[in-house]
Amino acid sequence: ETGVTQTPRHLVMGMTNKKSLKCEQHLGHNAMYWYKQSAKKPLELMFVYNFKEQTENNSVPSRFSPECPNSSHLFLHLHTLQPEDSALYLCASSLAGGPGDTQYFGPGTRLTVL
Amino acid sequence: AQKITQTQPGMFVQEKEAVTLDCTYDTSDQSYGLFWYKQPSSGEMIFLIYQGSYDEQNATEGRYSLNFQKARKSANLVISASQLGDSAMYFCAMREWNSGNTPLVFGKGTRLSVIA
Numbered sequence: 006e007t008g009v010t011q012t013p014r015h016l017v018m019g020m021t022n023k024k025s026l027k028c029e030q031h032l033g034h035n036a037m038y039w040y041k042q043s044a045k046k047p048l049e050l051m052f053v054y055n056f057k058e059q060t061e062n063n064s065v066p067s068r069f070s071p072e073c074p075n076s077s078h079l080f081l082h083l084h085t086l087q088p089e090d091s092a093l094y095l096c097a098s099s100l101a102g103g104p105g106d107t108q109y110f111g112p113g114t115r116l117t118v119l
Numbered sequence: 645a646q647k648i649t650q651t652q653p654g655m656f657v658q659e660k661e662a663v664t665l666d667c668t669y670d671t672s673d674q675s676y677g678l679f680w681y682k683q684p685s686s687g688e689m690i691f692l693i694y695q696g697s698y699d700e701q702n703a704t705e706g707r708y709s710l711n712f713q714k715a716r717k718s719a720n721l722v723i724s725a726s727q728l729g730d731s732a733m734y735f736c737a738m739r740e741w742n743s744g745n746t747p748l749v750f751g752k753g754t755r756l757s758v759i760a
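Just so you know, the sequences run in chain order F and B.
Take 6 as the starting number for the first sequence in this note's numbering and just add one per residue.
Take 645 as the starting number for the second sequence in this note's numbering and just add one per residue.
Keep in mind that the hints were calculated from the coordinates and are not lab data.
Built from N, CA and C at the ideal position, the CB exists for glycine as well.
What you were told as hints is all true, and nothing was included just to trick you.
Pulled from the structure, derived: some chain F residues nowhere near chain B, Cβ distances all over 10 Å:
| no. | residue |
| --- | --- |
| 1 | PRO13 |
| 2 | VAL17 |
| 3 | MET18 |
| 4 | ASN22 |
| 5 | SER25 |
| 6 | GLU29 |
| 7 | PRO66 |
| 8 | GLU72 |
| 9 | ASN75 |
| 10 | LEU83 |
| 11 | THR85 |
| 12 | PRO88 |
| 13 | SER91 |
| 14 | THR117 |
Where chain F lies over chain B, by a calculated footprint (3+ residues, C-beta under 8 Å):
| no. | stretch |
| --- | --- |
| 15 | 676-690 |
| 16 | 693-701 |
| 17 | 750-758 |
Produce the entire structure from the sequences given, and follow the hints as far as they go.
If you want it as structure tokens, here you go:
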């Protein structure tokens, strides 16, 4: 049981569409993360939220807009995406309590931009 | 400079044999944590094992053990008695702690294939 859910699992969208990815954690964690995983590239950190406050934006283009309304939910709003944005988007959460703070991941949303 | 280096893009192992996946790291922090994750073809990242920088004993979790050599800055994952279901990508990751809570930094991964 992962404790972190992501919807949708698969998404196909055109470059002019607006869509949102949703992540929910049921682990009582205080930190949430968005990662992007493209083919043949290492995992790229996009955004970090600690106690609902954004603490890291890793030079992500403005066409990706995160939202964290509470410690359990994290959204990634998408608009005017490019084909190179096609990737697996992974959400994770953690307690934010020390070096041994384990990040638990959701199953990911596989995004295809046409 | 890369914080996490995994030098083996791909590895093969015979079923029931042991395999070691290499990981070296770079940090000047005294306090840090090292993690290994497994990613099957389904995409989910599954946490396997954790080693703290101050832990004197090597971490073990079932068939997984972490060979921690602090002076060499290496944190190799050992999988004993490999099973077909172990075929996946394996990622080494680190969290530095001297600056407070920082997200995990991942290596590029090693693809493990278990052969029957």
